[in-house]
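K.L.:
Work the whole structure out from these sequences, hints included.
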Amino acid sequence: METLLYIIEVAAILVFAYSGLVHARRSGFDLVGILTIGFVTAFGGGTIRDVLLGNHPLYWIVHWEFLAAIMLLLPLELLLLRFDRDFSSGRVLMIIDAIGLGLFTASGVGIALSMNTPALPSAFIGVITATFGGVIRDILCNQKPQLFLPTEPLYATCAFVGAWVYISLVNLRVAPPLAIILCIVIVFLLRILAVKFDVKLKV
Amino acid sequence: METLLYIIEVAAILVFAYSGLVHARRSGFDLVGILTIGFVTAFGGGTIRDVLLGNHPLYWIVHWEFLAAIMLLLPLELLLLRFDRDFSSGRVLMIIDAIGLGLFTASGVGIALSMNTPALPSAFIGVITATFGGVIRDILCNQKPQLFLPTEPLYATCAFVGAWVYISLVNLRVAPPLAIILCIVIVFLLRILAVKFDVKLKV
Amino acid sequence: METLLYIIEVAAILVFAYSGLVHARRSGFDLVGILTIGFVTAFGGGTIRDVLLGNHPLYWIVHWEFLAAIMLLLPLELLLLRFDRDFSSGRVLMIIDAIGLGLFTASGVGIALSMNTPALPSAFIGVITATFGGVIRDILCNQKPQLFLPTEPLYATCAFVGAWVYISLVNLRVAPPLAIILCIVIVFLLRILAVKFDVKLKV
Chain A
1 METLLYIIEV AAILVFAYSG LVHARRSGFD LVGILTIGFV TAFGGGTIRD VLLGNHPLYW
61 IVHWEFLAAI MLLLPLELLL LRFDRDFSSG RVLMIIDAIG LGLFTASGVG IALSMNTPAL
121 PSAFIGVITA TFGGVIRDIL CNQKPQLFLP TEPLYATCAF VGAWVYISLV NLRVAPPLAI
181 ILCIVIVFLL RILAVKFDVK LKV
Chain B
1001 METLLYIIEV AAILVFAYSG LVHARRSGFD LVGILTIGFV TAFGGGTIRD VLLGNHPLYW
1061 IVHWEFLAAI MLLLPLELLL LRFDRDFSSG RVLMIIDAIG LGLFTASGVG IALSMNTPAL
1121 PSAFIGVITA TFGGVIRDIL CNQKPQLFLP TEPLYATCAF VGAWVYISLV NLRVAPPLAI
1181 ILCIVIVFLL RILAVKFDVK LKV
Chain C
2001 METLLYIIEV AAILVFAYSG LVHARRSGFD LVGILTIGFV TAFGGGTIRD VLLGNHPLYW
2061 IVHWEFLAAI MLLLPLELLL LRFDRDFSSG RVLMIIDAIG LGLFTASGVG IALSMNTPAL
2121 PSAFIGVITA TFGGVIRDIL CNQKPQLFLP TEPLYATCAF VGAWVYISLV NLRVAPPLAI
2181 ILCIVIVFLL RILAVKFDVK LKV
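Quick note, the sequences are listed as chains A, B and C, same order. Residue numbers for the first sequence follow my numbering, beginning at 1 and rising by one. Residue numbers for the second sequence follow my numbering, beginning at 1001 and rising by one. Residue numbers for the third sequence follow my numbering, beginning at 2001 and rising by one.
Derived by calculation from the structure, the hints in this document are not laboratory data. A hint or two may mislead.
What the hints assert, rightly or not - Just the calculated beta-carbon pair ranges, DEER-fashion:
1. 75/A <-> 1073/B: 50 to 58 Å
2. 1095/B <-> 2095/C: 36 to 44 Å
3. 1143/B <-> 2202/C: 24 to 32 Å
4. 2079/C <-> 95/A: 57 to 65 Å
5. 2116/C <-> 115/A: 20 to 28 Å
6. 1168/B <-> 2095/C: 50 to 58 Å
7. 1168/B <-> 75/A: 38 to 46 Å
8. 2006/C <-> 1095/B: 46 to 54 Å
9. 1006/B <-> 176/A: 31 to 39 Å
10. 150/A <-> 1093/B: 20 to 28 Å
11. 1078/B <-> 95/A: 27 to 35 Å
12. 1199/B <-> 2202/C: 45 to 53 Å
13. 62/A <-> 1073/B: 34 to 42 Å
14. 1197/B <-> 150/A: 48 to 56 Å
To be verified - Example chain C residues on the side facing chain A (calculated, C-beta under 7 Å, incomplete):
15. 2051
16. 2054
17. 2118
18. 2121
19. 2150
20. 2156
21. 2199
Virtual Cβ for every residue (Gly too), placed ideally from N, Cα, C.
P.N.:
So this is what it looks like as structure tokens:
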């Protein structure tokens, strides 16, 4: 179980980092820019979560093996980029990203609750954890955040629903690992359905 | 007195949030973007203040009723937006915003001083509290910060003067509630005069 | 020795601030914008370092004399700007900036290590301390960060190498002042060579 969650986490971090690399390439950045945007996309959401909660030391300072993994895999990822520029919109990446969305939401909510944060801000911190890496990525690339554009299918909304599922399960005294799995499953299904039926939040 | 300040604060937060909604609409964002920009404009300045000072838990985590208020009033505010796109430049909003500018300046300086911050950085933290919500709003909308443009009448400058008024009064052992009121009055008058006579800070 | 480092630090902070003023002028900002961008460029990297590490109170809150120095020198710096718009690309500024790059890298790594941060994240925090003031400067000016563009000679890379030099020296029990000097010398030489031979990191 622990191992499974760890594998999902590593896969999700690498996928988030990869989406950062793709954006940085498209923005014409150099290696420093590509690597920075990769890190920021992967760890930005969790860093904002920890800074908002005053939770130190930060995730990537303790688990610096993730930094090393992204650096070591960089040549491989740059190779992938060269072969297939649209790989980032591919089905496999979308599926791992959707699992990561759920996992990061659950982890954000879980850490917030464990620091006695009330339910509503905990839900927001879950969504921020899962989505704000992408927001900083877009800001650093000098673009409007994709997360806020009506051209994209539901993303933050899936995380928000998942956050409440997790909070409700924890309040019902469901064991945390089970609550995490259920949160991931719900977020994953919502996100896949949103993409499949192209559900958007126009105003 | 307490009640009066609370009412001013709620009104100012809602006006700041509303200015965020207006900008997000103009940027073509969806509901997620509109709500996020609304929150960020209302709470961004106070969040930066608390993160810079290491003051946890954050304001909106303790007072999450403000998050709920902005969410509940969202349909009303979207309706307002639909009826009057220029409502945001209206006189009533400008007046509430000017009161909020003074109130947030005083609250920022007050919290900074209470954490033994020296006078000059306390004044800056007061100005940051009152104005940086708008700066993050503009960054997220991929625009140059309005606060820095010479096309706008004095804004941060009014807050800076008000911050020093507050610091001086506190040093003269004036009771905090009175110092807050005087700070708000000074900032309010300066801002209203700056708008009326179109005073700008060209270089 | 202490005095020498202090003089280098003051010079580097003023040069970083000056580069902020230049960018803010070019973006057409008013006095508030110019001063803010100046502060942010000078103190942004160190502020991010302290916020990431949870290291309070912040540098510029304790040493508020630096804030005062930038404000007092503002008229002089604006005068400089008026006389020579290309002064910022001048040789003297580039040299002081290169020394500052090394000094801030060493200070960032040093503070990170003193808070028991592992080596790899400490190196990143050193680079962030030395370079992210400029990144926030560019974001606030609504531009792509110069740091990430392949048109510029090596900058973050010099800091990264210097960070590892500093970490290695500390692990070899070299006295901190000597390690700082060696780190500054290495970063300085790398940067000067990168500029002289126009070394870039294209992908």
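K.L.:
Hint by hint, say whether it matches the structure.
P.N.:
Cross-check of the supplied hints:
{"no.": "1", "hint": "75/A <-> 1073/B: 50 to 58 Å", "in the structure": "51 Å, holds"}
{"no.": "2", "hint": "1095/B <-> 2095/C: 36 to 44 Å", "in the structure": "52 Å, violated"}
{"no.": "3", "hint": "1143/B <-> 2202/C: 24 to 32 Å", "in the structure": "31 Å, holds"}
{"no.": "4", "hint": "2079/C <-> 95/A: 57 to 65 Å", "in the structure": "59 Å, holds"}
{"no.": "5", "hint": "2116/C <-> 115/A: 20 to 28 Å", "in the structure": "21 Å, holds"}
{"no.": "6", "hint": "1168/B <-> 2095/C: 50 to 58 Å", "in the structure": "42 Å, violated"}
{"no.": "7", "hint": "1168/B <-> 75/A: 38 to 46 Å", "in the structure": "60 Å, violated"}
{"no.": "8", "hint": "2006/C <-> 1095/B: 46 to 54 Å", "in the structure": "48 Å, holds"}
{"no.": "9", "hint": "1006/B <-> 176/A: 31 to 39 Å", "in the structure": "37 Å, holds"}
{"no.": "10", "hint": "150/A <-> 1093/B: 20 to 28 Å", "in the structure": "26 Å, holds"}
{"no.": "11", "hint": "1078/B <-> 95/A: 27 to 35 Å", "in the structure": "34 Å, holds"}
{"no.": "12", "hint": "1199/B <-> 2202/C: 45 to 53 Å", "in the structure": "48 Å, holds"}
{"no.": "13", "hint": "62/A <-> 1073/B: 34 to 42 Å", "in the structure": "40 Å, holds"}
{"no.": "14", "hint": "1197/B <-> 150/A: 48 to 56 Å", "in the structure": "41 Å, violated"}
{"no.": "15", "hint": "2051", "in the structure": "6 Å, holds"}
{"no.": "16", "hint": "2054", "in the structure": "4 Å, holds"}
{"no.": "17", "hint": "2118", "in the structure": "5 Å, holds"}
{"no.": "18", "hint": "2121", "in the structure": "5 Å, holds"}
{"no.": "19", "hint": "2150", "in the structure": "4 Å, holds"}
{"no.": "20", "hint": "2156", "in the structure": "5 Å, holds"}
{"no.": "21", "hint": "2199", "in the structure": "11 Å, violated"}
Against the hints set out earlier in the document, violations occur for numbers 2, 6, 7, 14 and 21.
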